[in-house]
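Given these sequences and hints, build the entire structure.
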Amino acid sequence: SQTIHQWPATLVQPVGSPLSLECTVEGTSNPNLYWYRQAAGRGLQLLFYSVGIGQISSEVPQNLSASRPQDRQFILSSKKLLLSDSGFYLCASLGVGRGLNYGYTFGSGTRLTVV
Amino acid sequence: DQQVKQNSPSLSVQEGRISILNCDYTNSMFDYFLWYKKYPAEGPTFLISISSIKDKNEDGRFTVFLNKSAKHLSLHIVPSQPGDSAVYFCAATYNNNDMRFGAGTRLTVKP
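Protein sequences, first through last, are from chains V and E.
The first sequence maps to residues 1077 to 1191 in the working numbering.
The second sequence maps to residues 686 to 796 in the working numbering.
Hints were generated in silico from the structure; no laboratory data involved.
We put the CB at the ideal spot given by N, CA and C, even for glycine.
Among the hints, a few may not be true.
Negatives, chain E to chain V, calculated, CB over 12 Å [as the list claims (entries may be wrong)]:
no., residue
1, Leu696
2, Val698
3, Glu700
4, Ile703
5, Met714
6, Leu719
7, Gly728
8, Gly745
9, Thr748
10, Lys756
11, His757
12, Asp769
13, Thr793
Negatives, chain V to chain E, calculated, CB over 10 Å [as the list claims (entries may be wrong)]:
no., residue
14, Leu1122
15, Leu1123
16, Ala1142
17, Gln1146
18, Leu1159
Keeping only pairs whose Cα atoms sit at most 25 Å apart, straight-line, the calculated DMTMM-like set for lysine to aspartate or glutamate is [said to hold, decoys possible]:
no., chain 1, residue 1, chain 2, residue 2
19, E, Lys753, V, Asp1147
20, E, Lys753, E, Asp783
21, E, Lys722, V, Glu1135
Put into structure tokens, the structure is as follows:
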């Protein structure tokens, strides 16, 4: 079965500082990978998805970026954080051969507070 | 653009009774619908799904109903247990890369 590792679990960063959140996947190869954000009182918003190494699609224009340097590694970055970047960030995976009847596998998330 | 809507932010039921969580969608292209359960400070976990070619899918205490003409789906939990207390997200997709989530409904099951 797939396992997603996300770190750190919580992060407090000052406005204007850089960000790097890492996600790694075990138990599958060539998965589709996703970054979601849950803002306070809101649903899950898709930020980026990737169907392969170096392939990134952005859903929401913003000061965040994503990269996929390896098959099972997905990184969310920012050069300068804004207060509005605060939220709960989730990495998700859909493994090859796994139909949607299994849903996405989510990581445990990173709670980011920008102060 | 909120294509998946969960209009009830919270729901409280008594243990042993039925919990009904509702979800509406606007995009007729959606062909797969899912429910996720989320505990605080954790990622969502997949609960149950349904294809648009079906109107019901059952898995133990959980049943999802789909009414395509009304663009509405619901999750029934019978009987409800205190451990079911969590936030439930409805999701819909028409391809693997565009899964849309509702805002979630917080279910509280009282002993």
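Comparing the hints with the structure gives:
1. At the 12 Å boundary, the C-beta of Leu696/E stays outside the reach of chain V, the nearest C-beta of that chain being 16 Å off.
2. Non-interface call for Val698/E relative to chain V: holds, since the shortest CB-CB distance, roughly 22 Å, exceeds 12 Å.
3. Every beta carbon of chain V lies more than 12 Å from that of Glu700/E, the smallest distance being close to 27 Å; the non-interface claim holds.
4. Distance check for Ile703/E against chain V: the nearest CB is about 23 Å away, which clears 12 Å, and the non-interface claim stands.
5. No Cβ of chain V approaches the Cβ of Met714/E within 12 Å, the least distance being about 14 Å, so the stated non-interface status holds.
6. The non-interface label for Leu719/E is inconsistent with chain V: the shortest C-beta to C-beta separation is roughly 5 Å, within 12 Å.
7. Under the 12 Å C-beta cut-off, the non-interface status given to Gly728/E relative to chain V is violated; the minimum distance is some 3 Å.
8. With a least beta-carbon separation of about 15 Å from chain V, Gly745/E lies farther than 12 Å from that chain, consistent with its non-interface assignment.
9. Every Cβ of chain V is farther than 12 Å from the Cβ of Thr748/E; the closest lies at roughly 15 Å, confirming the non-interface assignment.
10. Annotated as non-interface, Lys756/E keeps its C-beta farther than 12 Å from every C-beta of chain V; the closest such distance is 17 Å.
11. Residue placement check: His757/E keeps its beta carbon more than 12 Å from all beta carbons of chain V (closest about 17 Å).
12. Distance to chain V confirms Asp769/E as a non-interface residue, since its nearest Cβ pair spans about 18 Å, more than 12 Å.
13. Listed as outside the interface, Thr793/E is consistent with that label: its C-beta sits roughly 17 Å from the nearest C-beta of chain V, beyond the 12 Å cut-off.
14. For Leu1122/V, the requirement that its beta carbon stay farther than 10 Å from each beta carbon of chain E is not met, with the minimum near 7 Å.
15. Residue placement check: Leu1123/V keeps its beta carbon more than 10 Å from all beta carbons of chain E (closest about 12 Å).
16. Distance check for Ala1142/V against chain E: the nearest CB is about 13 Å away, which clears 10 Å, and the non-interface claim stands.
17. Listed as a non-interface residue, Gln1146/V keeps its Cβ farther than 10 Å from every Cβ of chain E; the least gap is roughly 20 Å.
18. The claim that Leu1159/V lies off the interface holds: its Cβ sits roughly 21 Å from the closest Cβ of chain E, which is beyond the 10 Å cut-off.
19. A C-alpha spacing of about 37 Å is found between Lys753/E and Asp1147/V, which places the hinted pair above 25 Å, so the restraint is violated.
20. Distance restraint check for Lys753/E and Asp783/E: the Cα-Cα separation of roughly 19 Å lies within the 25 Å cut-off, and the hinted pair is therefore satisfied.
21. For the hint linking Lys722/E to Glu1135/V, the alpha-carbon distance of about 24 Å falls within 25 Å, and the restraint holds.
In this structure, the hints that do not hold are numbers 6, 7, 14, 19, in rising order.
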